[in-house]
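K.L.:
All chains, full assembly: derive it from the sequences and hints.
Chain by chain, the residues run as shown.
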Amino acid sequence: MSLPKPVMRGLLAKRLRFHLPIAFTLSLIVAAAFKFTVTEPRKQAYADFYKQYDAMKEFNAMREAGIFESVRPSGE
Amino acid sequence: MAHPSQLGFQDAASPVMEELLHFHDHALMIVFLISTLVLYIIVAMVTAKVTNKYIIDSQEIEIVWTVLPAVILTLIALPSLRILYLMDEINDPHLTVKAMGHQWYWSYEYTDYENLGFDSYMIPTQDLSPGQFRLLETDHRMVVPMESPIRVLVSAEDVLHSWAVPALGVKMDGVPGRLNQTAFIASRPGVFYGQCSEICGANHSFMPIVVEAVPLEHFENWSSLMLEDA
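Order-wise, the sequence lines are chains A and B.
This note's numbering numbers the first residue of the first sequence as 96 and each following residue consecutively.
This note's numbering numbers the first residue of the second sequence as 93 and each following residue consecutively.
No lab work stands behind these hints: they were computed from the structure.
All residues carry an ideal CB built from backbone N, CA and C; glycine is no exception.
Fair warning: there could be bad hints in the mix.
[What the hints assert, rightly or not] Listed below are several chain A residues computed to face chain B (Cβ distance under 7 Å; list not exhaustive):
hint, residue
1, L121
2, F131
3, T134
4, A150
[To be verified] Okay, derived cross-link-like pairs now, DSS-like style, lysine-lysine, Cα gap no bigger than 27 Å in a straight line:
hint, chain 1, residue 1, chain 2, residue 2
5, B, K263, A, K100
6, A, K109, B, K141
7, A, K109, B, K145
8, B, K141, A, K100
[Unchecked claim] Partner residues aside, some chain B positions facing chain A, computed with beta carbon under 7 Å:
hint, residue
9, L129
10, V142
11, A162
P.N.:
So this is what it looks like as structure tokens:
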């Protein structure tokens with residue numbers, strides 16, 4: 096009873112054929128995940144912040160809180 | 093300003109800083125992409141049970157690992173150059189302020205119309221009021237009108253200093269005998285902090301910068317008051 100001849104060549108190539116597509120796919124997934132969980136939400140957050148931003152209203156709120164030194168709260 | 097355990101940048105208060113934030117996100121995404129790829133390959137190679145001792149060369153892989161990095165570098169360079177040219181555009185400032193570095197304080201000069209100048213020393217920790225920030229507050233703040241292009245001319249009277257305000261995306265070295273120009277627009281009203289960013293002696297860490305952006309009308313009132321007090 097003879098054993099089948101074991102595979103003796105192309106082992107590295109076989110490993111690479113298996114792992115490299117996974118490596119590239121995984122890295123693209125990580126990049127896409129970062130883009131859609133961090134990059135795009137941050138851009139949207141800034142866009143949303145300035146869409147309804149009322150500079151004078153915010154300034155007056157900050158002024159009344161006493162943050163500025165050049166402008167004191169209106170009561171003072 | 094910065095807050096404890098902060099990892100990223102401060103919130104942007106100028107259009108340039110917003111662009112820099114987004115560019116950093118883009119570059120970091122590419123860093124994660126490359127790091128994941130390399131880490132996976134390292135683990136796969138380290139855990140391999142067999143070794144190929146007979147690899148001489150491979151034209152295909154040489155082409156891949158030359159072209160792919162070139163493409164990635166181009167993807168980084170193009171947005172980077174875009175911001176570089178954006179920062180360099182002719183901006184027609186509404187106001188020019190000179191920021192002069194000294195050991196160890198900043199002085200500001202507003203000489204567009206009248207001769208207004210004042211020094212800006214750090215408030216010592218023992219003199220802080222409740223709510224003020226340690227090592228960041230100054231006795232006189234650099235007040236500017238909000239939503240206006242401001243030109244800052246930075247220099248120094250003794251040794252190298254650097255005028256930096258992270259929230260505005262500004263950093264410019266103050267070199268004795270040289271006038272360096274930078275510009276910013278404060279997109280919103282507020283108080284923005286920075287610190288000297290070039291080693292300048294014993295109190296290098298104790299000469300902060302505070303920029304106060306207020307509406308134009310209040311800026312004009314403030315500058316009139318400052319001129320009267322001078």
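K.L.:
Does T134 (chain A) hold up as a contact with chain B if the rule is Cβ-Cβ below 7 Å?
P.N.:
holds, 4 Å
K.L.:
Report holds or violated for the interface hint on L121 (chain A), using the least CB-CB distance to chain B and a cut-off of 7 Å.
P.N.:
OK, holds: L121 (chain A) within 7 Å of chain B, min 6 Å.
K.L.:
Given the hinted pair K109 (chain A) and K145 (chain B), is their Cα-Cα distance within 27 Å?
P.N.:
Given pair K109 (chain A), K145 (chain B) holds - Cα atoms ~15 Å apart, limit 27 Å.
K.L.:
Closer than 7 Å between Cβ atoms is the bar; does A150 (chain A) clear it against chain B? Give me holds or violated.
P.N.:
holds, 6 Å
K.L.:
Taken at face value, is the distance from the CA of K100 (chain A) to the CA of K141 (chain B) at most 27 Å?
P.N.:
holds, 19 Å
K.L.:
Given the hinted pair K109 (chain A) and K141 (chain B), is their alpha-carbon gap at most 27 Å?
P.N.:
holds, 13 Å
K.L.:
Are the Cα atoms of K263 (chain B) and K100 (chain A) separated by 27 Å or less?
P.N.:
It is violated: about 69 Å lies between the C-alpha atoms, which goes past 27 Å.
K.L.:
Holds or violated: the hint that A162 (chain B) contacts chain A, with Cβ atoms closer than 7 Å.
P.N.:
violated, 17 Å
K.L.:
Under the criterion of a CB-CB separation shorter than 7 Å, is V142 (chain B) in contact with chain A as hinted?
P.N.:
Cβ of V142 (chain B) sits 5 Å from chain A, so the hint holds.
K.L.:
Under 7 Å, Cβ to Cβ, is where L129 (chain B) needs to be relative to chain A, so tell me if that hint holds or is violated.
P.N.:
holds, 4 Å
K.L.:
Less than 7 Å between beta-carbons is the criterion; does F131 (chain A) satisfy it with respect to chain B?
P.N.:
violated, 10 Å
Hint violations for this structure: numbers 2, 5, 11, all remaining hints satisfied.
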